[in-house]
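First to last, the sequence lines map onto chains A and B. Numbering-wise, the numbering used here comes out as the position in the first sequence, counting from 1, plus 3. Numbering-wise, the numbering used here comes out as the position in the second sequence, counting from 1, plus 3.
FYI, nobody ran anything at the bench for these hints, they're computed from the structure. Remember, predicted model here, so these are calculated numbers, not experimental data. A virtual CB, placed ideally from N, CA and C, is assigned to each residue, including glycine. Keep in mind that a hint or two might mislead.
What the hints assert, rightly or not - If you want the ones that stay clear, here's a sample from chain A, every Cβ over 12 Å from chain B, calculated:
hint : residue
1    : GLY37
2    : GLU71
3    : SER93
4    : GLY124
5    : ALA295
6    : GLN306
To be verified - Covered by chain A, according to a simulated footprint, are these stretches of chain B (three or more residues, beta-carbon under 8 Å):
hint : stretch
7    : 31-42
8    : 67-81
9    : 268-280
Number of protein chains: 2
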Amino acid sequence: MDWVKQQTAGKSSPRLVALDWGTSSQRAWLLGEGGRILAFRRREFGLLGATGDDPRSRTHGYEAAFDEACGDWLEADPDLPAIACGMVGSAQGWREAGYLTIPTDLAIGAADLTAVPHPRGVLHLVPGLRVAPAADGSVAGDVMRGEETQIIGALGLLPRTERPPTERPLTIVLPGTHSKWTRVENHKIVSFVTSLAGEMYGLMMQHGILGRTATVGVRNDAAFERGLATGTSVPSRGLLAELFGARVLVLDGLLDPASLPDYVSGVIIADEVRHLLPDYAAEGRILLCGNADLCRRYAKGLQVHGVATETVAEEAAAQGLWHVAVTAGLVRPTPHKNAEKETP
Amino acid sequence: MDWVKQQTAGKSSPRLVALDWGTSSQRAWLLGEGGRILAFRRREFGLLGATGDDPRSRTHGYEAAFDEACGDWLEADPDLPAIACGMVGSAQGWREAGYLTIPTDLAIGAADLTAVPHPRGVLHLVPGLRVAPAADGSVAGDVMRGEETQIIGALGLLPRTERPPTERPLTIVLPGTHSKWTRVENHKIVSFVTSLAGEMYGLMMQHGILGRTATVGVRNDAAFERGLATGTSVPSRGLLAELFGARVLVLDGLLDPASLPDYVSGVIIADEVRHLLPDYAAEGRILLCGNADLCRRYAKGLQVHGVATETVAEEAAAQGLWHVAVTAGLVRPTPHKNAEKETP
Chain A
4 MDWVKQQTAG KSSPRLVALD WGTSSQRAWL LGEGGRILAF RRREFGLLGA TGDDPRSRTH
64 GYEAAFDEAC GDWLEADPDL PAIACGMVGS AQGWREAGYL TIPTDLAIGA ADLTAVPHPR
124 GVLHLVPGLR VAPAADGSVA GDVMRGEETQ IIGALGLLPR TERPPTERPL TIVLPGTHSK
184 WTRVENHKIV SFVTSLAGEM YGLMMQHGIL GRTATVGVRN DAAFERGLAT GTSVPSRGLL
244 AELFGARVLV LDGLLDPASL PDYVSGVIIA DEVRHLLPDY AAEGRILLCG NADLCRRYAK
304 GLQVHGVATE TVAEEAAAQG LWHVAVTAGL VRPTPHKNAE KETP
Chain B
4 MDWVKQQTAG KSSPRLVALD WGTSSQRAWL LGEGGRILAF RRREFGLLGA TGDDPRSRTH
64 GYEAAFDEAC GDWLEADPDL PAIACGMVGS AQGWREAGYL TIPTDLAIGA ADLTAVPHPR
124 GVLHLVPGLR VAPAADGSVA GDVMRGEETQ IIGALGLLPR TERPPTERPL TIVLPGTHSK
184 WTRVENHKIV SFVTSLAGEM YGLMMQHGIL GRTATVGVRN DAAFERGLAT GTSVPSRGLL
244 AELFGARVLV LDGLLDPASL PDYVSGVIIA DEVRHLLPDY AAEGRILLCG NADLCRRYAK
304 GLQVHGVATE TVAEEAAAQG LWHVAVTAGL VRPTPHKNAE KETP
């Protein structure tokens, strides 16, 4: 088993099974009152591969994967509701959960969820978001699936005074294989765009000449910042020339091959930031949400342009799933004792 | 055997064995007087893989590969000189053949060649070219190996009136896995830069989400031109966003998945051209040298910017090798009959 497991001791009763089920990995949380994390599991298992044209074997495959992820939690507590976000709700996943088209508020309700029956009950899938392309080409289409739930969670994790709706628009950047830049205004997601920076970095390092040029090394922040500077330089020779330039630096003895990966990471992130920041600058303030190391890199990439950032943790997905489940009525928060006192 | 062979009937005597021996493929020509192609072979065999630390087994490996490529030609005509360009002269190849540092004229002489003895005689390796990086960072380093010989050949293939030195500077673009943009002034290569456009296209299509989005299709010039337009648009969302945008077009039913590869090719080439053209615009005229289909794509990408192009064929490498062999005195051209008449 390739599970990463984590158990929180405590007396809180389980209230919700929540999954962030992506293309290549799966995170499962057992949540107690208020979305408190009681247990957490992660494994490098995502969508099933091609399962041929037989929908029955496809369904059986996902049922088995779901049972492996959280069957014991549901066995112990059969009435627990279950909710999932991510690519499991795509056409390549268990069941297509559709998209909400932006602009949309973040109050995803019961009618927006897709119920997938399974032997232990029902799994509720969160819809993705899409940008509808304009017929005249002035707006490009885009899609996200899973990140909408992280955004809901991230906004809930902000200090209460910072939560939208506020007067100030907010940009949220979610770094990853396919990074998302998202604009929130008046409690609505009004635009977003995807960059495949993370995928490109992975392809270059796993299969390309840069991966063959690099040697195994330790993290080198100075090399990353040097890559950022290269990728930010004006005039720009462009990403395609600067990536080959990384190899030349090594050939010329000007860059340690063990530091090449960090340098390349800087070049790629700088290219993403320089192109997307103009449309997503938010009065000099951006919220980062995701893997801590990646968020640190993006924070530095944005700092180059004078943009301050705040970071919220990856657990945003768990909080988002809790929030959606409450909004949709899958769970009813137990009133706080204080609230009970206030009741006449 | 994975050879592609071609034999030209004729009475011309062999004068030179010439190889363009790259990382992943090898082309071998038997050349007659004036560089006339008598026979041609190509195979998808390039450099040896990692051969461990044993230099003797490495040498034996390259000797065997060389013998397989052209041993029969040398067996039939043991006094034929042999010359090679390309990555075979790199540190990962048979023998490191060094670099000439630009600015350099294109008259590569005997002293510039590296002689590698082998059981049938000597193979002469053509050096690569390098741009020395400026200490203040104002000039980025770069390298080429093999393309210098194609350039020499391409210039020889130009109509005589067009050959440098002329008053007009010339830009030569060699599209490929690692495209080269080269500036020639007064018979000297004065600058060049490399883009890994071709490698990135291959990685995306072989290993990335775009390859999984695409279906097998036929060539679609309109999709390529649409990709060019996207990659040229102002303001630019950048290569990383536009590549993901290609997938969204397919999801939205706005692009046939069978046409995705041509669209992506257009996006990538447009990004290369928009960044490198400013430094390499040559009074609105550029010479393209390489694979015919790739050259057509670059010609269209340059046309978007109002730049006219001429294309010379891939055989430029054979002509370049002949030219270097003559300059270095490995072969002496037989005087033309006309020339003999002029001799008093």
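Cross-check of the supplied hints:
Listed as outside the interface, GLY37 (chain A) is consistent with that label: its C-beta sits roughly 36 Å from the nearest C-beta of chain B, beyond the 12 Å cut-off. With a minimum CB-CB distance of about 25 Å to chain B, GLU71 (chain A) clears the 12 Å threshold, and the non-interface call stands. The claim that SER93 (chain A) lies off the interface is violated: its Cβ sits roughly 10 Å from the closest Cβ of chain B, which falls inside the 12 Å cut-off. Here GLY124 (chain A) stays apart from chain B, with its beta-carbon at least about 31 Å from theirs, past the 12 Å limit.
With a cut of 12 Å on Cβ distances, ALA295 (chain A) stays outside the contact zone with chain B, its closest approach being about 22 Å. The claim that GLN306 (chain A) is not at the interface with chain B holds, since no C-beta of that chain comes within 12 Å of its own (minimum 19 Å). Beta-carbon proximity to chain A at under 8 Å applies to 0 residues in the stretch 31-42 of chain B; the threshold of 3 is not reached and the given coverage is violated. Counting residues of the stretch 67-81 of chain B whose beta carbon lies closer than 8 Å to any beta carbon of chain A gives 0, which falls below the threshold of three, so the coverage claim is violated.
Taking a C-beta to C-beta cut-off of 8 Å, the stretch 268-280 of chain B contributes 6 residues in contact with chain A, enough for the three needed, and the coverage statement holds.
Consistency with the previously given hints fails for numbers 3, 7 and 8, ordered from lowest to highest.
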